[in-house]
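Visitor: Those protein sequence lines, which keep their order, are chains Y and V.
Going by our numbering, the first sequence opens with residue 1, and the numbers climb by one from there.
Going by our numbering, the second sequence opens with residue 1, and the numbers climb by one from there.
No incorrect hints appear here.
Straight-line alpha carbon distances no greater than 25 Å define the calculated DSS-like cross-link-like pairs of lysine-lysine that follow: (1) Y:Lys327 with V:Lys24; (2) Y:Lys409 with Y:Lys124; (3) Y:Lys14 with Y:Lys63; (4) Y:Lys17 with Y:Lys67; (5) Y:Lys528 with V:Lys119.
In short, the hints are calculated from the structure, not lab data.
All of these numbers come straight from a predicted model, not from anything done at the bench.
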Amino acid sequence: MIQSPAELEDLREKVRKRRSTFDRVVRVCIGTGCAARGSRRLYELFCEAAEISGRSGHEPKWKIEAKCVGCHGLCERGPIVVVQPGEILYQGVEEPDVEEIFRETVIGGRVVEHLLYEDPATGKKAQTAEEIPFYKVQKRIVLAENGNVDPTDIEDYLAVGGYAALARVITTMDPEEIIEEVDRAGLRGRGGGGFPTARKWRSCREAEGSPKYLICNGDEGDPGAFMDRSIMEGNPHSVLEGMTIGAYAIGISQGYIYVRNEYPLAVRHLKTAIEQAEEIGLLGDNILGSSFSFDIRINRGGGAFVCGESTALMASLEGRIGEPRAKYVHTVESGLNGKPTNLNNVETWANIPAIINRGGEWFASIGTEKSRGTKVFSLVGKVVNTGLVEVPMGMTLRQIVYEIGGGTKDGKAFKAVQTGGPSGGCISAAHLDACVDFDELTRLGSMMGSGGMIVMDEDTCMVNVARYFLGFLKQESCGKCTPCREGISQMLYILERITRGEGELEDIDTLEELADLIGETALCALGKTAVNPVLSTIRYFRKEYEEHIIERRCPAKECRGLFLYEINPEVCNGCGICRKNCPVEAISGERRKPHLIDQEKCTKCGVCFDKCPFAAIVKV
Amino acid sequence: MPAVTIDGIEVNVEPEATILDAAKKAGIWIPTLCYSPAVPNLAACRLCMVELDFGDGGQQLVTACNYPVRRDLIVSVSSERAVSARRGVMKLLLARSPESEELKELAQQMGVEGTPYPKVTESQRNCILCGLCVSVCEEVIGCSAIGYAGRGAERVVAAPFRLASEDCIACGACAAICPVGTIQVRIHEGTGEAEISPFKSRAKLLICEECGKRMVTEPVGKQVLDRVKIDWEEFRKRARLCPECRRKRAAAALGLAAAKSM
Ligand SMILES: Cc1cc2nc3c(=O)[nH]c(=O)nc-3n(C[C@H](O)[C@H](O)[C@H](O)COP(=O)(O)O)c2cc1C
Ligand code: SF4
Ligand code: SF4
Ligand code: FES
Chain Y
1 MIQSPAELED
11 LREKVRKRRS
21 TFDRVVRVCI
31 GTGCAARGSR
41 RLYELFCEAA
51 EISGRSGHEP
61 KWKIEAKCVG
71 CHGLCERGPI
81 VVVQPGEILY
91 QGVEEPDVEE
101 IFRETVIGGR
111 VVEHLLYEDP
121 ATGKKAQTAE
131 EIPFYKVQKR
141 IVLAENGNVD
151 PTDIEDYLAV
161 GGYAALARVI
171 TTMDPEEIIE
181 EVDRAGLRGR
191 GGGGFPTARK
201 WRSCREAEGS
211 PKYLICNGDE
221 GDPGAFMDRS
231 IMEGNPHSVL
241 EGMTIGAYAI
251 GISQGYIYVR
261 NEYPLAVRHL
271 KTAIEQAEEI
281 GLLGDNILGS
291 SFSFDIRINR
301 GGGAFVCGES
311 TALMASLEGR
321 IGEPRAKYVH
331 TVESGLNGKP
341 TNLNNVETWA
351 NIPAIINRGG
361 EWFASIGTEK
371 SRGTKVFSLV
381 GKVVNTGLVE
391 VPMGMTLRQI
401 VYEIGGGTKD
411 GKAFKAVQTG
421 GPSGGCISAA
431 HLDACVDFDE
441 LTRLGSMMGS
451 GGMIVMDEDT
461 CMVNVARYFL
471 GFLKQESCGK
481 CTPCREGISQ
491 MLYILERITR
501 GEGELEDIDT
511 LEELADLIGE
521 TALCALGKTA
531 VNPVLSTIRY
541 FRKEYEEHII
551 ERRCPAKECR
561 GLFLYEINPE
571 VCNGCGICRK
581 NCPVEAISGE
591 RRKPHLIDQE
601 KCTKCGVCFD
611 KCPFAAIVKV
Chain V
1 MPAVTIDGIE
11 VNVEPEATIL
21 DAAKKAGIWI
31 PTLCYSPAVP
41 NLAACRLCMV
51 ELDFGDGGQQ
61 LVTACNYPVR
71 RDLIVSVSSE
81 RAVSARRGVM
91 KLLLARSPES
101 EELKELAQQM
111 GVEGTPYPKV
121 TESQRNCILC
131 GLCVSVCEEV
141 IGCSAIGYAG
151 RGAERVVAAP
161 FRLASEDCIA
171 CGACAAICPV
181 GTIQVRIHEG
191 TGEAEISPFK
201 SRAKLLICEE
211 CGKRMVTEPV
221 GKQVLDRVKI
231 DWEEFRKRAR
241 LCPECRRKRA
251 AAALGLAAAK
261 SM
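With the hints as extra help, turn the sequences into a complete structure.
Guide: And the structure:
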């Protein structure tokens, strides 16, 4: 048990000294993406190799350590292995590569060229993360130690300066000073709403009632998002430290982490982290020998998207069904069990230690006037580099899509970027130079949300995109309130008609009218924002709606029935495969002669398109 | 006491009263469906939208039934924005439950003539999912015999697994509170049972020994016992008669006694 900040520093020194005896360190990413490609096995193989080399008769030349670390962000190129010294980054590592990396790099100090990252645009190889364009313009605060520390070993976190911020606030700052520091930082909640964190803390501190509760929202229900997951899995102590500082500032002794049910690894790592922190006196009773005590419990999520909403989350924590309630009385006044409750998102909490360590002013110097610091995004869709990125607020969409993402795939034209998760909006190419911050994204009819970013290219039908997201939200609406339950169903019904080619001209007006109604009257933010996908696509791609409705044509050729299949006679060599496969016998033609589709008979099922070995069938 | 100005009429209400309370005091009608003083705070139907004027140029739509009055407020019930929000919600409800007479009548009072929207969601006997029945069963009666099954548009009110609930005492509170008559108490003459439809739960009815009139259901009686702390035998002794027959008997006994003493 550590009884004082001085003892913490002693321990840190000891850990660092012990660490410095390793000459070589191999860090294997066990983040979700890499683990799915077998990185755990790689780790074992490296451990074996290190052990064998340690036993090999004569005095081993190097002291070697292999360790597991969290997500690096470049998931698409995983599994990722980094060798120290030199920070040499290998990507796409497979089991047979372990021996080579070990022999060449770990022992021999040479670089294995074929495992280095190669820039698809220039063909240039990169040895370290810094040299990879994907990382170059990123700025990592929250993710700084992801990929460096072993999330299951508190000593790793201590070695990189962990819990120094906690020690500092407990010994030298009073609660009001901490809140002021967070206020100076200008930190806004990363869970979607962008509410000023310091203001929330202050309201909760000043609220009457006890006990008060503190919650970390790790529900992350957005499909395809994995920002919070990577933080919880890759650097759980940063979340715990942030929460503990917040608890001290607000005056709370009980905390909860509400983790999405589908994140077992996050739960495991958080559990281990809590146990280790308790063991050495950084959590639990009398933290660092002070009179401050704080406990953290982990709860598994209720499994629905809406459970991430603050009031639904609290209902779920209370053991009731996870449904939102009106927030006219704020949760900082009456939240969990009717007591003052301070809820923040995982990423929000993870920013706190850095703010205390480096000062609110430093944090505020990053980003834009109203949105300070950085934001983690999960960049996915039709871009060359997908993965987790952390950028300063205010970076343009263009920079994110092109400099980090490497532009659209396969030379297709960029069409839109969807931000903010399922209830975000689609932003068109005309606004690629917009700065990404809370207010700008809202102004553009989208939102920051929790940081999803999906890039779409010319082959994406925007009406279909709206239909897709609305379909998701219809599934996830809890059904409590009329506008969300009935209104979304009405809108979806219209969108389905349009994508089937049965749209009517008034449909666009009706969609806008319904969107307005739902936005005004829904009970919670799920309903209120569910209209964004529709409104934003109407705003930027109205023409596409009109083409569907008036011309009965889907320009992106995604909506079945709104385009034709034809055979290009130049390419068709008359193999007859399409003719044999067509379920309605709409294709005719002699062997070795170009075939023809009878448009009267064709049901546009697309079988011929998929079966033709020569890509002679085109959508027109 | 904070002052609430509603469509120009000023009233004072206790702190923590709602805008709806204030409106009632001011004599202004706001349509509601999911509000009942027995189970306040549902705010699910969203029919009672009114416009709040913050006085600094900002306005916001809020639900009158649960917005707490904590300071002076300026509220508009008749503003265009509020009216069109309420009518919009009503049109969505009409699309869901086009057959409901209760809904049609309320719509008419609100100046809504039918709905432009097609029926795209299924409603169980016109149920508008106001939630009153579930809440009254849980919070007032204390039985939690019914709840929600399914999410979103699929949501329905049902007993667990859609089987007759063991917890239902067939008190009929849900039927009484339902604003659109979805829930009904059916009497089965043959078996002497009350059924809460559509939840399928049934319970035996106590019958007056004198006139044969049906009284409460047995489980309701039992639940009452728990509260007043008398046992079942005792209760059966006292509750053998319906109130009317009991009165008659009492009067007769009195008459007898009076005759004797003469
Ligand atoms: C439908 C819905 C889902 C949400 N899901 C999440 C989530 O998964 N994680 C999260 O942190 N916030 C989520 N939020 C936002 C929370 O309600 C809340 O604003 C946030 O956790 C507050 O933390 P912050 O101030 O640090 O952003 C969701 C909101 C809505 C309306
Ligand atoms: S807006 Fe949707 S998710 Fe939110 S309470 Fe209403 S029905 Fe439920
Ligand atoms: S059955 Fe009646 S009381 Fe229950 S939710 Fe439906 S409409 Fe409301
Ligand atoms: S009566 Fe107010 S929301 Fe239903």
